[in-house]
Amino acid sequence: MAEMDTSSGGGHKKGPGVKKGKKLSTRVDLTPMVDLGFLLITFFVFTTTMSQSTAMNMNEPKDDSTQILKVKNSGAMTILLGKGNQVYYYFGQLEGANITEQFKSTTFKGIRDLILEKKKSTPIDDLMFIIKSDDQSTFKNAIDILDEMTISAVPPGHYAEVPMDAVDKMLVRQTEQANGIQ
Amino acid sequence: MPKVKIPRKSTIVDMTAMCDVAFLLLTFFILATKQKPPEVLAVAPPTSVSSKAAPDKSILITLTKEGKVFLMLGDDTKKGAIIDDINTTRNLQLNPQELAKLKKAEFIGLPLNKLKSAMNMEQTIPATSMEGIPIDSTNNELKHWLRSVTNVYSGGDQSQLEKMLLIKGDGQALYPIFRNVKEAFKANELFKFRIVTESESVPVGSELYKTGILKEK
Chain A
37 MAEMDTSSGG
47 GHKKGPGVKK
57 GKKLSTRVDL
67 TPMVDLGFLL
77 ITFFVFTTTM
87 SQSTAMNMNE
97 PKDDSTQILK
107 VKNSGAMTIL
117 LGKGNQVYYY
127 FGQLEGANIT
137 EQFKSTTFKG
147 IRDLILEKKK
157 STPIDDLMFI
167 IKSDDQSTFK
177 NAIDILDEMT
187 ISAVPPGHYA
197 EVPMDAVDKM
207 LVRQTEQANG
217 IQ
Chain B
720 MPKVKIPRKS
730 TIVDMTAMCD
740 VAFLLLTFFI
750 LATKQKPPEV
760 LAVAPPTSVS
770 SKAAPDKSIL
780 ITLTKEGKVF
790 LMLGDDTKKG
800 AIIDDINTTR
810 NLQLNPQELA
820 KLKKAEFIGL
830 PLNKLKSAMN
840 MEQTIPATSM
850 EGIPIDSTNN
860 ELKHWLRSVT
870 NVYSGGDQSQ
880 LEKMLLIKGD
890 GQALYPIFRN
900 VKEAFKANEL
910 FKFRIVTESE
920 SVPVGSELYK
930 TGILKEK
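Protein chains in written order, with our numbering: chain A, 37 to 218; chain B, 720 to 936.
Chain A extracted, bound-state conformation (with noise of 0.2 Å):
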């Protein structure tokens, strides 16, 4: 294949005097091209699978206020998401006067096992969370949180977003104060 033929034929003898023609191999090393070959469809291969993007469902409720879920303050986990990636949450209601001491902050490190932990000593039918999201989080941040949700296996309608209310920015912004969050 590589090689052509450069016999001159079937024992064909040149006369005397007749000056021998040095053969050269027409032989070429092939090694780098095939170095070459591979590199370049370890390349391909590798670009390929990474310019794959995924989707990910999401499903609004219907805006109604007739409508109106109760949840039980024992189920309810709030998680609140604030500037710089930082995770705020709270369980039940935010009541009486110890309302900062209920309020705790993590991040998205420390919220799964939270997750967990609520999810597994919470009846399922009372488990309920709810997230808030600051006006200065992120779209990631919005994604993540709802990630997190699928990696723990909280299954779909024990997880709402919400708006955040008055006392909720409040504490967000007091918090990101004493954390020295900028």
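These are computed hints drawn from the structure, not numbers from a lab.
Misleading hints may appear alongside valid ones.
[Claimed, not checked] Per the computed footprint, the stretches of chain A lying under chain B, defined by three or more beta-carbons under 8 Å from a beta-carbon of chain B, are:
(1) 67-80
(2) 166-174
[To be verified] DSS-like, lysine-lysine: derived pairs with alpha carbons at most 25 Å apart:
(3) A:LYS119 / B:LYS929
(4) B:LYS901 / A:LYS154
(5) B:LYS784 / A:LYS145
(6) B:LYS823 / B:LYS911
(7) B:LYS901 / A:LYS205
Ideal placement from N, C-alpha and C gives every residue a C-beta, glycine not left out.
Chain A is already provided as a structure; the job is to place chain B on it using the hints.
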């Protein structure tokens, strides 16, 4: 005793076959790779564990880092109808020439009242200097666009449309923009849509990992 002669064999292997295979594979991968359309709007979507591939044909809403909103009507069969529809419903008074130009545009990133003048300009405005579709709670023009989309797709399969609605956002985009986009969807009774993400592996040891099944969200 006569010596047994072991014939010396050359250690050179014929590379031809290997070379053939390598280039065959190379050709295959080059041809099989779908060329990504050049992205005019650079966004870095967040990651998720979802493993479903994003559909090719889609109505894509892009949120950039700066908070601008762009609309891409990927379904060529319906694109013209959607633009015609918004022209009549919003009374944009675009003439056939302007309409034709708008239909050729890859994406829409201008307020409705500026579309006419932009279509009459000699050169097209680069994506970076477009101001995006206004999406404030007072003037949410994405609502009108989605209204036209639903008008055009009405009568057909609703789930077909739901599968095509995509939001692709930059991870650094602020949350209120996303909320306003959701408002625009809700205003048109569209409660199901999808978010474009980069895939991410399921964390080892998590609940999802243990069940081993990626449930539909």
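Here is how each hint holds up against the structure:
1. 67-80: holds (count 8)
2. 166-174: holds (count 6)
3. A:LYS119 / B:LYS929: violated (32 Å)
4. B:LYS901 / A:LYS154: violated (28 Å)
5. B:LYS784 / A:LYS145: holds (24 Å)
6. B:LYS823 / B:LYS911: Violated - the C-alpha atoms of LYS911 of chain B and LYS823 of chain B are around 28 Å apart, more than 25 Å.
7. B:LYS901 / A:LYS205: holds (21 Å)
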